[in-house]
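For the protein sequence lines, the chains are A and B, in the order given.
In terms of the numbering used here, the first sequence opens at residue 7 and continues consecutively.
In terms of the numbering used here, the second sequence opens at residue 34 and continues consecutively.
Honestly, I wouldn't trust all of these hints.
List time: in silico DSS-like cross-link candidates among lysine-lysine, alpha-carbon distance up to 25 angstroms [unchecked claim]:
| id | chain 1 | residue 1 | chain 2 | residue 2 |
| --- | --- | --- | --- | --- |
| 1 | B | Lys-40 | A | Lys-170 |
| 2 | A | Lys-204 | B | Lys-48 |
| 3 | B | Lys-512 | A | Lys-152 |
| 4 | B | Lys-48 | A | Lys-150 |
| 5 | A | Lys-204 | B | Lys-641 |
Some chain A residues well away from chain B (every beta-carbon gap over 10 angstroms; in silico) [said to hold, decoys possible]:
| id | residue |
| --- | --- |
| 6 | Pro-17 |
| 7 | Asp-18 |
| 8 | Phe-21 |
| 9 | His-29 |
| 10 | Pro-50 |
| 11 | His-51 |
| 12 | Gly-63 |
| 13 | Lys-104 |
| 14 | Lys-112 |
| 15 | Arg-189 |
| 16 | Ala-198 |
| 17 | Glu-221 |
| 18 | Leu-229 |
In short, the hints are calculated from the structure, not lab data.
Predicted, not measured: the structure shown is a model, and the values here were computed from it.
We put the CB at the ideal spot given by N, CA and C, even for glycine.
Residue strings, one per chain:
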Amino acid sequence: MRLRAEYRVGPDLKFLANLDMMHLMERALRRARIPYLLTEGFNPHIRLSMGTILPVGLWGEKEYFDLEMDNMPGEDFMIRMNDVLPPNMRIRQCQEIKAGTPSLMKVVNAAAYAFMIKKNGLELGSVIAEILGQEESLVRSRGKNKSVLKDLRPGIHNLTVESKDEADIITALVSVNEPLNVRFDEVLELFANNGVEKELILDFWRRGNYIKNGENFYSPLELV
Amino acid sequence: MKERLFKDILPRVTKPARYVGGELNMIKKDWQQSQIKMVFAFPDVYEIGMSHIGSKILYGLVNEQSNHLIERTFAPWPDMESLMREEGIPLYSLESFAPLNSFDVVGFSLQYELSITNVLNMLDLADIPLWAQERQESDPLVIAGGPVVFNPEPFAGFFDAFLIGDGEELLVEFLDCLEQNRGLDRKARLLKAAAIEGVYIPAFYSVEYKQDKTILKMCPEYPGVSERVRKRLVKDLDNSYYPDKPIVPFMEIVHDRAVLEVMRGCQRACRFCHAGTVYRPVREKSVAVLKKQAEDQLQSTGYDEISLASLSTLDYSGVTPLVKDLVRTYGERGIGVSLPSLRVDAFSIDLANEVQKVRKTTLTLAPEAGTQRLRDVINKNISDEDLFQAVEAAFGSGWNSVKLYFMLGLPTETEADLHGIMELLARVKTIGNRLSRRPVEVRASLACFVPKAHTPFQWRPQNSIAQLEEKRRYLMSRKIKSVKLSFHDSQTSMLEGVMARGDRRLAEVIYKAWQRGCKFDGWSEYFKFEQWMASFDECHIDPAFYVERHRAYDEVFPWDFVDTGVRKSYLSDENEMASIGLSTPDCRQAGCLDCGICIDFGVDLDIKEEA
């Protein structure tokens with residue numbers, strides 16, 4: 007069977023690189039004695055495929071992976087995995103997916119990044135309104151070609167502000183992967199260009215990964 | 034501290050996962066409830082330190098089986114170091130994020146001579162005085178163990194105590210002694226500790242020198258401090274502590290796998306080998322114990338590979354049943370077995386082929402020298418025939434690349450021996466091309482021979498940098514197409530040689546080199562040879578005195594006070610045998626060769642399986 011799981015990566019694990027995260031998950035699968043399937047060949051490995059890379063420095067509320075394994079109830083899978091995962095990591099839910107379901111890397115095309123911002127009298131509602139009103143939002147690209155200016159605007163689907171007691175939180179819903187990959191650090195620069203200095207940003211993380219279909223956003227567990 | 038690191042500091046450094054702790058199976062004991070608080074300091078980066086088995090043993094032992102606690106720290110990479118200095122962050126432990134100077138004991142693991150500048154740098158980052166004599170009552174005791182401390186003298190000025198020999202036999206006893214004497218002052222506590230076998234307190238000894246700068250005598254200055262310090266050793270490895278839940282790092286480390294120590298010691302008696310002398314005698318674990326340890330470790334770590342470690346794993350008497358059992362038990366789950374180094378013979382290749390059923394490992398062989406004559410001199414008891422058979426078996430069973438280890442500058446080496454290396458490589462290449470369908474890859478690694486304390490070659494001069502460079506040029510000029518040669522740096526090897534047979538006068542040189550910015554000397558991108566030379570100059574010490582000089586049999590060595598169990602007369606006999614090109618057999622087969630260890634220490638070879 008093929009299983010898709012949603013998991014949380016807590017703040018203590020935000021410095022793990024993508025490969026570290028994959029090793030952590032594979033080791034947990036072995037400790038939990040999950041009946042995973044192996045690839046063929048001289049160097050067999052677990053048929054595990056991780057979703058969009060969680061950048062180093064970010065923690066994540068809803069991350070995803072797909073796993074091929076012998077039949078096992080999803081409930082048992084979660085219990086056994088959560089028993090062996092580090093305290094900062096939890097499988098939140100999982101479900102069986104059809105054999106032909108396209109991989110996470112192919113379908114995830116949007117992500118929500120949260121930025122916790124210190125209160126200092128800045129009116130964040132008008133900042134986001136200003137950004138959303140821009141025709142183009144140019145920042146230095148942080149991707150492969152660092153010298154070019156990149157227009158983030160077509161990739162910014164939405165910006166929202168929530169006010170909490172201790173700080174405000176802006177959530178940016180942006181496009182990822184093809185055709186336009188908006189990186190979290192480019193969003194940080196966009197904020198800086200619009201008056202939200204980096205020093206004010208207390209924390210940032212990824213809230214979720216989504217599949218944008220027309221004007222709707224679905225979680226990878228909804229569209230399988 | 035932790036919050037500040039996570040928010041402000043770590044986002045700005047490379048590989049932040051080195052500095053966060055919190056890994057699977059980490060042990061964080063209650064600070065208040067624990068007696069002696071020790072931090073285990075590894076003077077290299079995290080991914081190297083976390084690969085070391087000895088550290089895993091001592092970490093588990095102290096935390097699980099004593100009332101003391103032990104936490105970990107590593108040398109920060111220079112980018113992290115400069116941020117720590119800028120931001121005023123002291124070196125801290127990964128468990129409690131506690132500064133090093135809040136511990137009772139800071140214990141360094143000295144695996145490599147040139148890690149000493151990192152020791153000084155780490156003490157400085159922890160705001161602990163570098164010189165032992167400058168430390169106050171409130172400062173931690175700074176101690177060291179590991180293979181390097183079989184000649185601790187070059188580092189004597191920086192340490193309050195050295196623990197010599199197998200640490201699992203000694204460390205807890207040492208910490209207990211400190212706890213029992215908590216009320217006493219620093220010096221009185223160290224005097225108590227000096228009574229423990231294996232503990233060496235350098236400040237309690239004085240050294241006098243002759244006109245020719247060699248040692249006249251080295252004597253204890255206090256009653257109750259013994260003239261010689263005998264190493265500690267584990268007699269029964271089956272019943273000694275071994276961690277069943279080692280820490281699993283988040284980031285990739287050098288040896289990222291479960292490790293079984295199948296035996297300690299080696300009976301091959303290669304005359305250049307330091308570990309082969311100081312870790313005598315051979316003590317094996319039984320196959321049943323190892324199978325249990327493999328199961329426990331794999332269950333608690335989830336690793337996909339298990340490595341069989343020792344000085345010469347193919348000599349472990351139970352290696353065949355063990356490997357077959359592990360492959361049979363874990364292969365289906367995609368868990369592989371690896372053998373770190375192979376003996377040069379066809380048997381090894383057969384066994385390696387078993388291992389390969391699960392995962393391909395690199396084939397590395399160590400003939401060490403290019404001719405039979407020179408291999409007899411160094412007592413590396415393998416023949417050309419063995420080697421070629423091994424290579425035939427390897428290429429014939431599908432291996433496609435071989436790496437061969439050699440040393441340059443071995444005693445009595447001539448041009449014919451260098452020529453022999455190239456001939457041997459050419460022949461290996463020919464065999465490969467004959468047996469393999471694809472072009473084979475042959476690589477040779479050429480290390481510079483460094484004579485080490487406590488070995489039969491401790492009296493021999495080391496090749497100078499100029500000699501080694503000439504040998505390198507000779508080999509490069511005869512390079513064979515598509516055989517890759519890589520050479521160890523001759524300047525680094527010279528400095529290793531100075532430390533390996535150095536004395537306590539070198540501490541000043543080390544201190545000055547550190548002041549001149551030397552650190553990570555084992556990393557070629559940071560090694561500053563000119564700064565080291567300037568430091569020697571400044572101290573009026575000629576490094577050639579330590580490396581290039583021929584030593585007489587009656588010379589008193591700085592390390593003579595360390596009793597490894599192997600007698601000096603045995604070492605000099607072996608050195609004489611080398612001069613006339615005679616080899617010495619393996620004491621497992623040939624019977625006792627009277628090196629001294631078994632008789633003097635009341636131990637015996639501990640071989641588990643019948644041949």
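Going through the hints against the structure:
no., hint, in the structure
1, B:Lys-40 <-> A:Lys-170, "holds, 20 angstroms"
2, A:Lys-204 <-> B:Lys-48, "holds, 22 angstroms"
3, B:Lys-512 <-> A:Lys-152, "violated, 42 angstroms"
4, B:Lys-48 <-> A:Lys-150, "holds, 20 angstroms"
5, A:Lys-204 <-> B:Lys-641, "violated, 64 angstroms"
6, Pro-17, "violated, 7 angstroms"
7, Asp-18, "violated, 6 angstroms"
8, Phe-21, "violated, 4 angstroms"
9, His-29, "violated, 7 angstroms"
10, Pro-50, "violated, 5 angstroms"
11, His-51, "violated, 7 angstroms"
12, Gly-63, "violated, 5 angstroms"
13, Lys-104, "holds, 25 angstroms"
14, Lys-112, "holds, 25 angstroms"
15, Arg-189, "holds, 15 angstroms"
16, Ala-198, "holds, 15 angstroms"
17, Glu-221, "holds, 35 angstroms"
18, Leu-229, "holds, 31 angstroms"
Of the hints listed earlier, those the structure fails to meet are numbers 3, 5, 6, 7, 8, 9, 10, 11 and 12, in rising order.
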